[in-house]
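Visitor: Here are the chains, one letter per residue:
4 protein chains.
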Amino acid sequence: MENKRKPYQLVSREWKKEDTVISLKNTTIGGNNVCLIAGPCAVENEDQIFTICEFLSKKNIKLLRGGAYKPRTSPYSFQGLKKDGLILMRQAADKYGMGVVTEVMETNLVDEVYQYADILQVGTRNMQNYQLLRALSKIDKPILLKRGMSSTLEEWLLAAEYILSGGNEKVILCERGIRTFETATRNTLDLSIIPLVKALSHLPIIADPSQGTGIRELVTPMSMAAIVAGADGIMVEVHNHPEEALSDGPQSLYFDQFAHLMEKVEQSAHFNNRAVDYAVDSRLVY
Amino acid sequence: MENKRKPYQLVSREWKKEDTVISLKNTTIGGNNVCLIAGPCAVENEDQIFTICEFLSKKNIKLLRGGAYKPRTSPYSFQGLKKDGLILMRQAADKYGMGVVTEVMETNLVDEVYQYADILQVGTRNMQNYQLLRALSKIDKPILLKRGMSSTLEEWLLAAEYILSGGNEKVILCERGIRTFETATRNTLDLSIIPLVKALSHLPIIADPSQGTGIRELVTPMSMAAIVAGADGIMVEVHNHPEEALSDGPQSLYFDQFAHLMEKVEQSAHFNNRAVDYAVDSRLVY
Amino acid sequence: MENKRKPYQLVSREWKKEDTVISLKNTTIGGNNVCLIAGPCAVENEDQIFTICEFLSKKNIKLLRGGAYKPRTSPYSFQGLKKDGLILMRQAADKYGMGVVTEVMETNLVDEVYQYADILQVGTRNMQNYQLLRALSKIDKPILLKRGMSSTLEEWLLAAEYILSGGNEKVILCERGIRTFETATRNTLDLSIIPLVKALSHLPIIADPSQGTGIRELVTPMSMAAIVAGADGIMVEVHNHPEEALSDGPQSLYFDQFAHLMEKVEQSAHFNNRAVDYAVDSRLVY
Amino acid sequence: MENKRKPYQLVSREWKKEDTVISLKNTTIGGNNVCLIAGPCAVENEDQIFTICEFLSKKNIKLLRGGAYKPRTSPYSFQGLKKDGLILMRQAADKYGMGVVTEVMETNLVDEVYQYADILQVGTRNMQNYQLLRALSKIDKPILLKRGMSSTLEEWLLAAEYILSGGNEKVILCERGIRTFETATRNTLDLSIIPLVKALSHLPIIADPSQGTGIRELVTPMSMAAIVAGADGIMVEVHNHPEEALSDGPQSLYFDQFAHLMEKVEQSAHFNNRAVDYAVDSRLVY
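Residue numbers (my numbering), protein chains in the order written: chain A, 354 to 639; chain B, 354 to 639; chain C, 354 to 639; chain D, 354 to 639.
If you are wondering where the hints come from, they were derived from the structure by calculation, not from laboratory data.
Treat the hints with care, since some could be wrong.
Copies of the same chain are indistinguishable here, so a pair counts whether it falls within one copy or spans any two.
[Stated by the list, open to error] In silico DSS-like links for lysine-lysine, alpha-carbon gap of 25 Å or less:
#, residue 1, residue 2
1, K491, K378
2, K411, K448
3, K494, K435
4, K436, K369
5, K369, K435
Isolated chain A (complex conformation) (with noise of 0.2 Å):
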C-alpha cells in the first residue's frame, strides 16, 4: 500500500504498532477476541428489552444493544423512549450482567448516556459532528464510532483522530454500510475496508452487517465474512418480535436466527485463529 504522508497520526500504525485492546468489566474488543454485540434497534418497552436481553445473557452474549435515543428520518416516526429507554437498558443489563452499547446523539447528552452506558454509540450521521467527538474525547468510556454512510476512509480515520486527540484512545471503528446507487441492499457493506483498517491503524474495527445490509437472510454469511476479511467483532439486531419492531424489523434476527449466527461467528474466529467471548468453552480467559 502507498505510504504517502497521512494527514492522521494518533489513529496510526505508524505511532502504535500493536493493536489497541479495549477492556470492559466482563469482556474485551479487539486483541484474540471476537465480540458479538446483540439487541434491538431501539428499546420499544420494559418487556421487550428484558425479554432480548434474558435471552442474550443465557446465550452468554457480554455486550447488549439498543437505541433510547434515536435518529430517525422523519419526525414523525418513533424517536425512541429517551431516558427511559436508557434506564430499562440498564436494569436489564444489570441483572443479567451484561454491559450497554448505546446511542449518544449530541453533546447535551453525553453527561447522560454517560452514566447509563459502558459504550458510547457515534451513529452515521454524526461521524462529523466534531463538538460531540470533542466532548467524548473527554470522558473515559469507550466510543464506537460508525462510519459516516458518505465517508471516507480518510474522513472516518480522522474523526478518530478527533477523539484520541482529546486524549481518548478508546476507539471502536464500525464499518455499517456506505450509500451508493445499489438499492438491492440498503447500504453497500464495505468490508474492503477492514483489511485496510488493520494495516492503517491500531484500533479495532467491528461490522455491523443488520445495517450494512437491512436483509436478515444475509447477516449471517456477511458476518462470517467481515470476520474472515480481519473484523474484531460483529453488532447485530434481534428481536423478539422482528415483524412487531418499531423500527428496522426487516434486518433484524429471529431468535432462532441468532443461535445460529452465533455458531458461525465463533466458527468463523476460530478460522481466523481468534475466539469469541460467549463460548462454553473459550479458548480466551479475562
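With chain A held as given, fit chains B, C and D onto it using these hints.
Guide: The following block gives chains B, C and D in isolation, referenced to the frame of chain A:
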C-alpha cells in the same frame, strides 16, 4: 410528477400553495427577489472580515456569510475563531448595514449564535442532526438548511419538516452539491433538484456553487444556471486574498470576479422575471 | 483550474484553441448556434415517426433524434425496429428536410447506420466500447458521444480522444446525467461539467435533460440552465402520445410542451449571446 | 427477502431450483468446487505468459486468465497483443494442461476468441453491450459475465437473462467491485451481493478481488471473505514481475503471495464445506 403519498406534510405544496417569503431587516428571501449571500469561508481576523464586508456593502450586498465555528475534517486544521469570529462578523455587518449568515454546529451553541446571526445555517454534515433541528425549530430566526452531501430529496425535506413541525416556518433550503464518484469537481451540484423542490415544496431554495463545484471559474456559470432553473438565490465565497485563505481558497472568488458574478446574477434574475436586492435600479421595493 | 498534465491531447484546448464547429447539410453544431435535437425515444411505426417529424419540421427543427436499435435493460422489452426503423427515420427526415441522429450499438452496425444517419450516436452504455469508438474514428460523419453513466470527465474526454486520434474530429459531447444515490430523478444531470468541458476542450457539448432527469416537467428548466451554463445545444424526447410510448414515456414532452421549450431555449440562447437555428428571425445565416 | 415480481425469469431460482454447475474439460465451476482462476492482467509476451502458466500449472491451477484484447481508458495505453495474445495464451495453456479465460470485447471478435478460449469473459464496460450478449447466447462455451461498474443487481441478472434467453445457459457471474465515492480502494467490492445472488439465481458467482480492491495486500483477505460469503470461486491477477507489468501492477500478486492465497482459499472452501480443484488431496472427483 408522480403523486405518491409523501412522508412530509408541512413543507409540501399541498399544505401551503403560495411560496414562503422570508423577511429580514434589510431584504427578503423568496418571492420576487433573487438574493446573493456572500463572504469568506471563515472569519480569519478583523482586517479580513471588515475589508470583505466593506467591499460587499459598497456593492449593496445585504447578507454576509462567514464561518466562526468551522466543521473541519481534521482536528489539526483551523477550526474557526468561534465566539470571537461571531463578534467580529456582527461588528462588521452592523457597521456596514448587512445581515449575518453563519453556521451553528450544535444545540449548545444555538443561544450564542442566535445572539449574533440573522440567519442560522445548518451545515451539510448536520442535516440529520435531529436534536439540532429540533432546537432550531423553537427559535424565531430563519434557518438555512444545507442539503446533506449524501441526502436524498426526501430526507432533506424531512429534515426541514423537523424544523417546521417544531414551530419555525422560516426555512431556506440550500443545494450545495452531493457526493458522487466524480472527482473533477469537489461535489456534484444537483441543479435538477431546484425545480423539483419548487414543485414539491413552498420553501425557498438557494444554491451554493462554491461548495458545489470547488472551482472558482465555475461559480458564475453555475450561479446563472441555478437562477435560471428557479433558485431563489445564491451563496458564494469571496475573499480579499483567496490564495492566502485559511480554508477553501481555490473556490473563493476574487473581488473583481465577484463584481462580474453580480452582473450575471442580476441578468439571470431579470431573465427569469425576477429581481435582485442589490441592484441600484432594483425593481424590488422593501 | 489546476494545470496538471492531461492524459488526453487532441481534444484539449491546449491542442486547439478555437471552438470546434461541426457543419451539417442544414445546420451547424457549436459556435454561435444553440442546436435543438428532438424526437421520440424510439421509432415505433410509420405513423408515429412521420407525425412527430412533420410537427418538428413545421417548428423549423433541423435534427430528428430517434432510436432504431435500442439498448434495453431487459431482453423482453421492445428492442427497436432496427433497420426498418432506420429506413423510416430517413424517409421522414428526407420528406421534411431534417437530419437524422440515431444510435449505433456496435461495430457491425456502423456501415448500416452510417447509410441512414447524419450524426451517429454512441449511447451511455457504449462510451467505453473502444472497438466501436475506433470504428467511428474512421468515418466522416459526426459522432454524438454520450457520457457513460458512471464515467468521470477524464474518462469521457479520453473516449473522445479515441475518435479524434483515429482521424474523426467531428465529436459532439452529450451530458446525460450520471448515476448517483439520488432516486428522485432518473439520473443526476451534472451541469457543472459543461463549463468545465468548455475550459478543457474545444469540442461542442450538449445536454440531454430528458435522460438526465427522467421527468418531463424538469426538461424545460434544465434545458435553460444547461444553455446558460454554456451548452451548445439540447437533445430532448418528444412524442405525439407520450402516455402510449413504448419506452421513456414519462420523460417525453407533449407537443405543446415542446413549443414552450423552444421558446425558452431560444430566449436562453439569446441571453447567452447566441442564437438558435430554428428561429424564424434567426441571427444565424448558413 | 421480498417476493416482488422479478423482471427476469430464466436466471431465477424460481425457474430452476438446483445450482447450475458448469463443466469444463479439466474442472467444474459451481457445485461443490471453489475455483481459482489466475493469470496476468494482460498477455505481454511469450516469456511472461509461459512463465506464469508454468508456475500456475505446477500449483495445479486449472484456469488461466489473461487479456489479449484490453479495454483501456486511454487510446495511448497498451491495448493488448490481440490475436497474437490469444495464440500465446492457447499455446501456454495447452502445453501445461490448463483452460483459457479471456475477454471478448465485441461481436466481431466472438468467432476469433471462441477459437482460443475455454471461457469467454464479458468485461465490466460491456455488461450492457446487448449485441455482444446476444452473440454470446448462440455459442456453446461458458460466459464469465462481469458486473458493470455501476450496474444494479437487477440490471446484472437481466444481462445474464439476455444470454440464457438466447440459448446459452453456461453463465458465470463475477462481482468485481462497483464505483462509489470511496477512493481508498479502486472499486468497492460488494460482497453482500454474493449471498443475495445465490438466493435469487441458480447461476454460479465468483469474485475478482484484484479489480475489486486494486491493492494486492487486500486480495487474500477479500478472497477468503468472498468464499465464506458463498462465492463459487475467485479470479485473481498474478504476475512474474508485478512492478514491471504493463497494466494493473499494483493489484497483481507476486508468486509467493499467490501460494499463500491458494492455501487460504482452500481453507476457506473447506470451512464452507466445499473443496478446491487444485488441492492434491481434493475431495472433488471429476
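Visitor: Mind listing which of the numbered hints don't hold for this structure, in increasing order?
Guide: Going through the list in order, the structure violates hints 4 and 5 and respects the others.
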